[in-house]
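Undergrad: One line per chain: the protein sequences are A and B, in this order.
For the first sequence, the residue numbers in my numbering are 1 to 430.
For the second sequence, the residue numbers in my numbering are 1 to 430.
The set of hints was computed from the structure by calculation and includes no laboratory data.
The model shown is predicted, which means the values in this text are computed figures rather than measured ones.
Check the hints yourself; a few may be wrong.
With a straight-line cut-off of 20 Å between C-alpha atoms, the simulated SDA-like cross-links for lysine to any residue are [stated by the list, open to error]:
| no. | chain 1 | residue 1 | chain 2 | residue 2 |
| --- | --- | --- | --- | --- |
| 1 | A | K131 | B | E18 |
| 2 | A | K131 | B | D15 |
| 3 | A | K36 | B | D364 |
| 4 | B | K131 | A | P129 |
| 5 | A | K36 | B | D15 |
| 6 | A | K36 | A | Q293 |
| 7 | A | K114 | A | S13 |
| 8 | A | K131 | B | S13 |
| 9 | B | K131 | A | S13 |
Computed footprint of chain A on chain B; a stretch qualifies when at least three of its residues, placed anywhere within it, have a C-beta under 8 Å from a C-beta of chain A [unchecked claim]:
| no. | region |
| --- | --- |
| 10 | 68-78 |
| 11 | 102-113 |
| 12 | 121-135 |
From the structure, some residues in chain A lie toward chain B, with a derived Cβ separation under 7 Å [claimed, not checked]:
| no. | residue |
| --- | --- |
| 13 | T127 |
| 14 | R328 |
| 15 | V401 |
All C-beta atoms, glycine included, are put in the ideal place defined by N, C-alpha and C.
Protein chains: 2
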Amino acid sequence: MPYDPTVFTIRESLDPGEFIFALYYLEGAASDLLRKAGGIAIGQTTGTWVPVSQETPELRRTHVGRVVGVYEIPAYEDRLPSESAERRFLVQAAFPVANFDDQLAALLVMVFGKVSMAGRIKLLDLTLPEKYARRFAGPKFGIEGVRELLGVERRPLLMSIFKPCLGLSPKQLGDLFFEQARGGVDLVKDDEILPDIESAPFEARLEACLQAAARAKSETGQRTLYAINLTGSPDAIFAKAQRAVSLGATALLINVLAVGFDVVRALTSDASIKVPVLAHPAMAGAFYPSPVQGISSELVLGKLVRLAGGDLSLFPSAYGTVPLLRERTLRIGQQLTSPFYHLRRAFPVPSAGIHPGLVPRLIDDFGLDVVINAGGGVHGHPQGTAAGGRAFRQAIEATLVGRSLEDASRDHAELRAAYELWGTRAGVGE
Amino acid sequence: MPYDPTVFTIRESLDPGEFIFALYYLEGAASDLLRKAGGIAIGQTTGTWVPVSQETPELRRTHVGRVVGVYEIPAYEDRLPSESAERRFLVQAAFPVANFDDQLAALLVMVFGKVSMAGRIKLLDLTLPEKYARRFAGPKFGIEGVRELLGVERRPLLMSIFKPCLGLSPKQLGDLFFEQARGGVDLVKDDEILPDIESAPFEARLEACLQAAARAKSETGQRTLYAINLTGSPDAIFAKAQRAVSLGATALLINVLAVGFDVVRALTSDASIKVPVLAHPAMAGAFYPSPVQGISSELVLGKLVRLAGGDLSLFPSAYGTVPLLRERTLRIGQQLTSPFYHLRRAFPVPSAGIHPGLVPRLIDDFGLDVVINAGGGVHGHPQGTAAGGRAFRQAIEATLVGRSLEDASRDHAELRAAYELWGTRAGVGE
């Protein structure tokens, strides 16, 4: 029998608490879909291309991957449209939790290591049992924790990004920070490309921004967190993060896909890192955009970020300049905020090309637990950065009380200026 | 927020023991995949197209269907190939076990009732929690029980079908039964179209075949079960089955899709029905063949037959005259035989156009736990029915010891005649 019943089975045969389920999209000239599906399950676990003597039945039962579903698209039953046609199908495979440690890299290697290079195959989703997920602390703050730090209960948060991103001195960054805070911005983040640069060294800009935050707080009452960008080797990132926290840092920014999920995870699960961590999606475009290869956006920017402990996850909005289908942004949001065992909910941060006219759509899509994040949409306001922040806050408040932006513009000069400039159009902005 | 987080969630958020998971294929001009997916989950449970006052949050939480996955095919992320292109996707929905009773019709109505008519949508698979599956006794005999009745431990069983199927008298049927049994056939079944007909009334043919079976047993030692076709109203079927058993019947045949899963289930779960039940797939072609509509073959001929308590499930083989893709036949086999809580394994019976030359492929596909089932392949043998049976038994024995049919033909006149006539070709036969 070519189809080992240990490998080919049905989902009911496996204790859902003891397996990680992975869903793949495959296409290609497969004359034998089951063989191809089995190649994933076996090849990613115990198997090699020849029988080896050490593979005992016991070892196989404990460790081999299983194929629990093979679904052709469309679901041909009695004949194929042509013998030579490419076939498209989804495979649901199951991997014993016994095969995994607590490293996210190991998870990815197990479910999508070598097989990621085996032609057109894309990892679409993972279902993790509680036993496995318990190895991860997840977000230390999450949505509720970040709200508590800011004292903001029931409205979307507003975040802005330093623009220009390179070349400003610590003093200039501090001044710009103050303007953003004065405009009602809840979080200010470094640009993700900002390294520990000579013109604005890490500690100097941290100090300048913390002072600006304190001044804004005392003058306006606005609390504003500063997410400083962590760069360098994994060790340097860790040391820098600890130093920043000891100097009073209020948040950290990290390029999760560039530095690796486990670096972020080490950071977020360390007791000394007592501030929220923002996960930036830089380089995510190397993973998800192909419809037939890579790893889905809901995994790399949703579930895996949350497992790694990101308190906020940035991703392209459906309405700006970096394209992502609306459904995909919503699924990322669902991965970040749906009940997921003990893991706190992480804030969805749909980003890039956001201006006040898009606020109603973002709130409609994500509800109140969303961070409205803008760079050019704040700093490019005709009346300046603080006005740019205020225009966003006015847009948020109008939306929450059910007023149209057009209507609210009549009462608010800042919103009116933004509205006149950008309207409610998608795809404008930076 | 248009996407109610109670409805749109991730699989980890639901206790797998409390939900039935259904996987659908959908295609169409969906501008909003999530809305379409939500329509299934809500529309098949609590929802209607307008809010109704009785739908309390508590009622909703307890009963509403959930969308746990929406996977576009291919997995587009940042753009669609064209705005007007048809979209294809899989939806994984979850339905609370609290919504179900113990009726299989209710299961189908809940997961694929109204929605089956909503355009191009096909139900591909169901995952049932143990709590739900425990409501079903499943096969009373299963593979092991049928083997025990026959005293056959480690070889594929051989089944044959009366041919011609209409017009024979009880005496003629008895004689033909004897020939089949003498040829080494383990089970003889009525043709599924044979009603309780004047020329061969139910009790008369039962008596004739049981006598023939007794004669064959005493003369040759071969035990042969007779699966008599149950027809009539549900009440009549039940009464007839009980009467047959009291008269010594050894098996029952039923057209599961024509009479309904719950009729079969009532029969198989009744203590008085102490014989195996064969489920015939007549009319299954009204359910599974469309790649974009209906219900998959692995459900209607695999999982649901097993739940209903069929001990043997007939389905088209990949090598005969009724088409079904090989992968699909294998998945039916996996649904029938994979571990599935307390439910006994049911025999896969790949059928239609089977001749001895196909035996090696069937054993290669299904292993030893398969029933080789033939009509014309037995009765159309050049040396007659008994020789036809023997040719099959010779083919089975040769395959089990690793001999090619060509080689074994040299030693066995019956196999040789069949091999010369049909070779090992697929798609020949009746």
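Undergrad: Hints first: check each against the structure and report whether it holds.
TA: Consistency of the hints with the structure:
1. A distance of roughly 18 Å separates the Cα atoms of A:K131 and B:E18; the hinted pair therefore holds under the 20 Å criterion.
2. Between A:K131 and B:D15, the direct Cα distance comes to roughly 13 Å. Compliance with the 20 Å bound is thereby established for this hinted pair.
3. For the proposed pair A:K36 and B:D364, the alpha carbon gap of about 17 Å is at most 20 Å, so the pair holds.
4. The straight-line distance between the Cα atoms of B:K131 and A:P129 is roughly 19 Å, inside the 20 Å bound, and the hint therefore holds.
5. Proposed proximity of A:K36 and B:D15 is contradicted: the alpha carbons are some 31 Å apart, above 20 Å.
6. For the hint pairing A:K36 with A:Q293, the CA-to-CA distance comes to about 16 Å; that is within 20 Å, so the pair holds.
7. Distance check on the hinted pair: A:K114 and A:S13 sit about 27 Å apart at the alpha-carbon level, beyond 20 Å; violated.
8. The hinted pair formed by A:K131 and B:S13 meets the criterion: a straight-line CA distance of about 14 Å does not exceed 20 Å.
9. Our distance criterion of 20 Å between C-alpha atoms is met by B:K131 and A:S13, whose separation comes to about 14 Å.
10. Only residues whose beta carbon comes within less than 8 Å of a beta carbon in chain A count, and the region 68-78 of chain B has 10; three or more means the coverage holds.
11. A count of 0 residues in the region 102-113 of chain B with a Cβ less than 8 Å from any Cβ of chain A is obtained; the coverage claim is therefore unmet, three being the minimum.
12. Evaluation of the coverage hint for the region 121-135 of chain B: fulfilled, as 7 residues show C-beta separations to chain A shorter than 8 Å, against a requirement of three.
13. Hint status for A:T127: holds, given a least beta-carbon distance of 5 Å to chain B, under 7 Å.
14. The closest approach between the C-beta of A:R328 and any C-beta of chain B is roughly 5 Å, which is under the 7 Å cut-off, so the hint is satisfied.
15. Because the beta carbon of A:V401 sits about 16 Å from the nearest beta carbon in chain B, more than 7 Å, this interface hint is broken.
In summary, the structure is inconsistent with hints 5, 7, 11, 15 from the numbered list given earlier, while agreeing with the others.
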